[in-house]
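Dock chain B against chain A, hints included.
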Amino acid sequence: MELSPHKAVGAQRPMNSAETEAAIFEDSEPRRSLGASAVAVFGQNTLALVGLAMVAAFFLFCFVGPLVYHTNQVATAVAQANRPPTAAHLLGTDAVGYDELGRLMVGGQITLLVAVAVAVLATTIGLIWGCVAGVSGGGLDSLMMRIVDAALAIPGLFLLIFLDSILKPSVLVLIMVITALAWLVPSRLVRAEVLSLRQRPFVEAARGAGATGVWVILRHLIPNVFGTVVVNATFQVADAVLTVAALSFLGLGIPPPAANWGSMLANGVNYVFAGYWWQIWPAGVCIVAVVVGFNFIGDGLRDTVDVRMRAGRS
Amino acid sequence: MTAYLIRRALHALIVLFGVSLIVFLLLHLLPGGPARASLGLRANPASIRAFDQQYGLNQPLPVQYLVWIGQVLRGNLGFSYKLNQSVDSLLAENVPRTLVLMGTATIIAVAIAIPVGMLQAVKRNSPGDYTLTALAFLFYSMPSFLLGLVLIIVFSDVWPVLPSTGPTATSPLFDQIPNLILPVATLALITVALFSRYMRSSALDNLAEDYVRTAAAKGVSRRAVLFRHVLPNALLPIITLVGLSLPGILGGALIVESLFNYPGMGLLFWNAAQTEDFPVMLGTSLVVGMAVVLGSLVADVLYGIADPRIRYQ
Numbered sequence: 002m003e004l005s006p007h008k009a010v011g012a013q014r015p016m017n018s019a020e021t022e023a024a025i026f027e028d029s030e031p032r033r034s035l036g037a038s039a040v041a042v043f044g045q046n047t048l049a050l051v052g053l054a055m056v057a058a059f060f061l062f063c064f065v066g067p068l069v070y071h072t073n074q075v076a077t078a079v080a081q082a083n084r085p086p087t088a089a090h091l092l093g094t095d096a097v098g099y100d101e102l103g104r105l106m107v108g109g110q111i112t113l114l115v116a117v118a119v120a121v122l123a124t125t126i127g128l129i130w131g132c133v134a135g136v137s138g139g140g141l142d143s144l145m146m147r148i149v150d151a152a153l154a155i156p157g158l159f160l161l162i163f164l165d166s167i168l169k170p171s172v173l174v175l176i177m178v179i180t181a182l183a184w185l186v187p188s189r190l191v192r193a194e195v196l197s198l199r200q201r202p203f204v205e206a207a208r209g210a211g212a213t214g215v216w217v218i219l220r221h222l223i224p225n226v227f228g229t230v231v232v233n234a235t236f237q238v239a240d241a242v243l244t245v246a247a248l249s250f251l252g253l254g255i256p257p258p259a260a261n262w263g264s265m266l267a268n269g270v271n272y273v274f275a276g277y278w279w280q281i282w283p284a285g286v287c288i289v290a291v292v293v294g295f296n297f298i299g300d301g302l303r304d305t306v307d308v309r310m311r312a313g314r315s
Numbered sequence: 006m007t008a009y010l011i012r013r014a015l016h017a018l019i020v021l022f023g024v025s026l027i028v029f030l031l032l033h034l035l036p037g038g039p040a041r042a043s044l045g046l047r048a049n050p051a052s053i054r055a056f057d058q059q060y061g062l063n064q065p066l067p068v069q070y071l072v073w074i075g076q077v078l079r080g081n082l083g084f085s086y087k088l089n090q091s092v093d094s095l096l097a098e099n100v101p102r103t104l105v106l107m108g109t110a111t112i113i114a115v116a117i118a119i120p121v122g123m124l125q126a127v128k129r130n131s132p133g134d135y136t137l138t139a140l141a142f143l144f145y146s147m148p149s150f151l152l153g154l155v156l157i158i159v160f161s162d163v164w165p166v167l168p169s170t171g172p173t174a175t176s177p178l179f180d181q182i183p184n185l186i187l188p189v190a191t192l193a194l195i196t197v198a199l200f201s202r203y204m205r206s207s208a209l210d211n212l213a214e215d216y217v218r219t220a221a222a223k224g225v226s227r228r229a230v231l232f233r234h235v236l237p238n239a240l241l242p243i244i245t246l247v248g249l250s251l252p253g254i255l256g257g258a259l260i261v262e263s264l265f266n267y268p269g270m271g272l273l274f275w276n277a278a279q280t281e282d283f284p285v286m287l288g289t290s291l292v293v294g295m296a297v298v299l300g301s302l303v304a305d306v307l308y309g310i311a312d313p314r315i316r317y318q
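If you read the protein sequences in the order shown, they are chains A and B. Under the numbering used here, read the first sequence as residues 2 to 315, first letter to last. Under the numbering used here, read the second sequence as residues 6 to 318, first letter to last.
I should point out that these hints are in silico values taken from the structure, not numbers from a laboratory. The structure displayed is predicted, hence computed values, not measured ones. For glycine and all other residues, C-beta sits at the position ideal for the given N, C-alpha and C. Errors might be hidden in some of the hints.
Unchecked claim - Each computed DMTMM-like pair below joins lysine to aspartate or glutamate, with the alpha-carbon atoms no more than 25 Å apart:
#1 K223/B x D210/B
#2 K169/A x E281/B
#3 K128/B x D215/B
#4 K87/B x E98/B
#5 K87/B x D165/A
#6 K87/B x E281/B
Said to hold, decoys possible - Chain B regions said to be covered by chain A (calculated; three or more residues, Cβ under 8 Å):
#7 26–34
#8 140–149
#9 242–256
#10 277–289
Stated by the list, open to error - Among chain B residues calculated to face chain A with C-beta under 10 Å, some are:
#11 G23
#12 L66
#13 G294
This is chain A alone, in the form it adopts within the complex (with noise of 0.2 Å):
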């Protein structure tokens, strides 16, 4: 059983109906090329294309958003602080001065660049990984998935604040922290794919034609591990903004002024008696809906792969 209990779930996440959907689409259009047929089928998944819009909307609010709306999020303004939502302040203050809703866009910012940066190299890392020991198997391939092993073993969350509190925390040391722990779980599947392919004729014919490794990798099993890992990568994104946010609310994320949903919520709970509910409804509200996108995008991209292997396979 070489299942990650967090990230497992995608694979086991309930089918909808696109799955059926897709193959009565196939059935009706069988010339379509595999792109098209796949945009198609990822188009007729409601769930997916409303994620695609609330991460859309999402990367304006926070990259587009701050040219609209201009706040000043580096000096505090103490004069101004906890201040209820006026005209003045859409979302209100902060304890600081700072205005909330300025803060959410510019936490934003970072929250996401962090979270689609680590998924991007955990999954590039979880692939190179997984194939090489994939591929070279015996001794090599038990040495490294046992370091894999190990390293899942301790929470990933204990080591993260660990390394945390040795190193500074900057956006580069957040994305390159949370990325030294985010390869593990991809490296396991795309393993477990290329054990199965590497039985595969083609695989078998290649090796065969006196293809090499590194040949083999690169021209064969990419490829074919391309769907999994994608669908890995988007729950991956999801993952590391909850990552990024429990750091920043344990006080080991990027200090101020620079801003994250995850300490807004951290300093909106000291006032969680007070009323200020402008301090925690918005930034919770944030994270949750950040994650929910990404995860229906997976879903929705989950049943997509599914249909290209099987249209592949025909």
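This is chain B only, laid out in the frame that chain A set:
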């Protein structure tokens, strides 16, 4: 069965060795090395030499590892100079409270997730199924600290019936039940979200099996099919899932403990991170890593007992 046990135990031993290597490497990543990390930045050269001598830090790395692992195996996990207490005694004080938190939350989560998952599978694609799936999705996408925060706002502020902090450090284990409720509920809800989705898909897989149709064709009642045939089979993967979820639940416990100021191992670790108390952090990481390895070993052995097919693979 013996061969399976030996194979599985050997694997666990190798992973344990890996865990110890990782913690050993972290020890050497520390700024200024283990001696300064333990004794503080103002330690004088003589005390550093004495410390290096005591822990064999002036020897080559493999020898150092052997000396260190020897200490660990004798139960010496180091000494917290910040708290002036040995790491083992600190853990002995705090681990039981974490076990209470995690144990209760996990039992409650399993007890809720099994019927909920079964119900969803039986009533698949009904409004109830969609509602429960949406709820699970929401809880799964919600950071544990936010969920805890929502519970605090609802049950300690809007409708003040429960305390917003965990039990105090000096109270006996089950003395302050009301203080336990919110931390346990937070951890349990997140775990339910994870478990019920597995239970749903596991039950769905089994409902589609031939043996279900056979039983129904033989005239077995629907209730008996569900409880006598589907449920036991659908439960099998849950054994593994609980074992595999251990790292996630431990991480969740850390956040819950720091949010509710619940004096367990997670809070100990978090406080150590704030004060850069590295011996405590390393000792805790090692113990937690070992717990995970042993937990998944126990789960695999139980699975092997419950499902004979696994043993002969």
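Among the hints numbered above, which are violated by the structure, and what are their numbers in rising order?
Per hint list: single violation, 12.
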